[in-house]
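For this one, chain A is given, so just place chains B and C on it according to the hints.
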Amino acid sequence: MAEINFTKLLVHLVVLVDVVLLHVAYATYFERKVIGHMQMRMGPTRVGPMGLLQPIADGIKLFFKEDIIPAAADRPLFYAAPIICLVAMLSCLAVLPFDPNHVLADLNIGLIFIFAMSSLASYGVVLAGWASNSKYSFLGGMRSMSQVISYEIAMGLSLVGVMMMTGSLNLGQIVAAQAASPFGIYAIPQFIGFFVFVVSMLAETNRVPFDLPEAETELVAGYCTEYSGIRFSLFFMAEYIGMIVMASIGTICFLGGWNGPFTVPYVPFFWFLLKIYAIMFFFFWVRATLPRYRYDQLMDLGWKFLIPLALANILLTGLMKTVLE
Amino acid sequence: MAALEQRSMEIPIPAQEKELFALKMGPQHPATHGVLRLDLFLDGETIAICKPDVGYLHRGFEKIAENKSYAQFLPITDRLDYIGAMANNVGYCHAVETLLNIEVPERANYIRTIVAEMSRISGHLLWLATHALDIGAMTVFLYCFREREILLDLFEELCGARLTTSYTRLGGVRQDVSALFMDNLTKFTDDFPTKIADYETLIDTNRIWLKRTQNIGVISGKQAVQLGFTGPTLRGSGVDYDVRKHRPYCVYDRLDFQVPLGRKGDIYDRYLCRMEEFRQSVAIIKQCLEQLPPGPIVNDDAPDLIMPITPQRKVAADSIGSSGIIQLMEDRNIYMEGDVYVSTEAPKGELGFYFVSDGEGRPYRMHIRSPSFIHIGGIPAICEGEMVADVIACIGSLDVVLGECDR
Amino acid sequence: MEPLAIADKLKKKFPDDVLDIVEARKQVGVILRRDHIVEICGWLHDDPDLLFDHLLGLCGVDYRPKGRGFEVVYNLYSIHNRHMIRLRADIPEDECWLDSVIPVWRGADWHERECYDLLGIEFRGHPDLRRILLPEDWQGHPLRKDYPLSPTKKTEWQGYEELKELSKALRVHGFQQESSNSKTAQHLVKEAGNGGT
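Chains A, B and C, in that order, give the protein sequences.
Position 200 of the first sequence, counting from 1, maps to 200 under the numbering used here, and the rest follow consecutively.
So the mapping is simple: the numbering used here equals the position in the second sequence, first residue as 1, plus 1000.
So the mapping is simple: the numbering used here equals the position in the third sequence, first residue as 1, plus 2000.
Isolated chain A, as found in the complex (with noise of 0.2 angstroms):
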């Protein structure tokens, strides 16, 4: 019995794993064609057809860069942190379920447990600016660890609008929940902890408007200055596994996760893919149209906007429910 269970588990998590690397690859290539059109250029074109073997060649390009290691670094820290950052990131995925079936570990404390892992990511980060003994790394470095400080509670307190209206931190209960609820998802009666989560979803993973701890205009690329090559590229499928986590995390607690508007026969996972896409596109999206906060503008929107918003938001949902019970 434990046997088979531990095939199927190794199987699940392989497939799993594959499918998401490949998702990082594609994801870049869709940035890059949703930007370049809506600069008014092509994106990739040249590597296979439509570009679409861009994503390959360039993973093939940064395996076999060469690997500098600053002589001043701090080398065990200096291997360790794309490591952890990557393997942070990837422990996430455990707990998402893509459909009612196919979930690697349904854990009572699914939330809980992404929080936390998202937050060891940064420690990477951290560690990374610390270890590479540059001075824009460092900044890098600081920069990130407060950013995530700060927006972790603010996401957080987003989502404790969700978890009231659910009675559970169990991601695949949520999504049944939502099914159950009137308007069947929770972004609608949530407004306010939506707009909280997608502000704070942007600065958690580092993206545009916030994007200061790689602001290459100012710090040239922030943490990962000194990396190259394959530890480049550790850091870069960190940052859009990232993404992907954060994406699921708004489809399964707002947008209804694998529910949608009918069933499509055998792709369980369409709507919940779907979704994840509209978010992903919205990322692009963002960075193509918006500018980059400062350091200090960053933390006041978080501790003087977002956080009382987020309270706000729970005092509300708490109100409403007494009054509708």
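These are computed hints drawn from the structure, not numbers from a lab.
Think of the CB as a built atom: it goes at the ideal place given N, C-alpha and C, for glycine as much as any other residue.
Pulled a few chain B residues facing chain A out of the computed Cβ check, cut under 7 angstroms:
| id | residue |
| --- | --- |
| 1 | L1023 |
| 2 | E1045 |
| 3 | I1135 |
| 4 | G1136 |
| 5 | A1137 |
| 6 | T1139 |
| 7 | L1142 |
| 8 | I1208 |
| 9 | W1209 |
| 10 | K1211 |
| 11 | A1389 |
Leaving out everything else, chains B and C in the frame of chain A:
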């Protein structure tokens, strides 16, 4: 080798400021617009001390000028502000013509005005593109380059070169405008105002853009004059000084245009000034295209290598080894002893040439008053007390080019 | 005001300092003794009729081949009154210094550093008189007329020599080493020759 390392590591730190975090920004940095180096001393993320360091692109133009004839130096002016080469050509030729007292035909003056304004637009487009990119707005960058491409194509149609144009000649311009050029330029002037509106919708009403630019990098009008600022950087602080209005050259005194002024002197005001200058430049080009008179494009008596080469000139040009041109010019006896300072309004600010002539065919001494050099000298006054991210925005709003700064 | 009128006014105010007034192409230059340059500039800056608030440029000229010393040239402009004047401070060859005008125009700072860098004129009272365009250990002042146009090995900047040494030392890592010592290089050359015929 040890000496080399030691030299590059040396930043003079004031004794009491040892606690500060020293950050050397540049010369290889994505946002310092060339090879500018800033020695920053940070208190947290706030700039306590900022020391710009220039000279990485010093090519000794002033020394070169002393060893070349006036006409020979013209191509080198392209390399000053390599974004607005036309404006430099016009400025240089205007200065030499004032020194040598050469008349410029009417038509050539109009064409010069057109190309100078085109280079102002293309220079400001590059400024807007990089300034927006520095603040993080990526799309504006590509939108601006789309229009700049049209302008560069027009330059190519006009003189065969896109960046290093060397289009003007002493006493006129090199080639007449073609019908294709006129058509395309008319089309461009008609289209461009809608494109400006495009840029403005992208950034002008954007809350983040306003937060990053308003009340940041403030410099009062009085301070700006004290520091010697010119061009849109000075006008952003509300000081009405434009060489085109104060000491008109070419045909600017016959044209109707406004000089936009800012009020507060922050980054946003400088941005608004330059955006309005787009519209004024388009208006100037339109008027010039309407008024463009027929006639010669170059003064036949002008001492230059200008085409078509008459047989006599050709002989003179062939004997260039023994400074044949200079010989030819000396025969005419147009040289004088004395000095002049002549300036024009380049995209970046006032571009002035100070010549000392001792009656020979080359300048005894030439000094280039480059706006970028003076603006970079003013960076500490603008940046100190702001944050690291604002330094980038401030440099962007000054619109500096290091080729011009270091000469 | 007309430039000549300004020059006359200046001469009336400082009769001992004005050495000469020269006009060329409707521009007027006033040649001054260097001793009271800061006072004169301060007066030009503050006098209500003149108000020369804008220092257009400051540069030095080496007149030694002409039998004089150096000159520092100030191009002044009044944004308010729209007039221009040029001051030319005469500096003897053996005492190559001048008082700094930073108290009058803050923007003179970098101009004076540049002038010091390229012509070796010392500005007294300048807070931070270092080389600006050239490296700190550069020898000589290039805009002086006696500066050699092409350097000999002896007068070459030391930093460039060091850089050449460095590049020689690093050449072992480059491509040249590989192509010169191996037979394959010759082989390739041969092959290319065959292909050509």
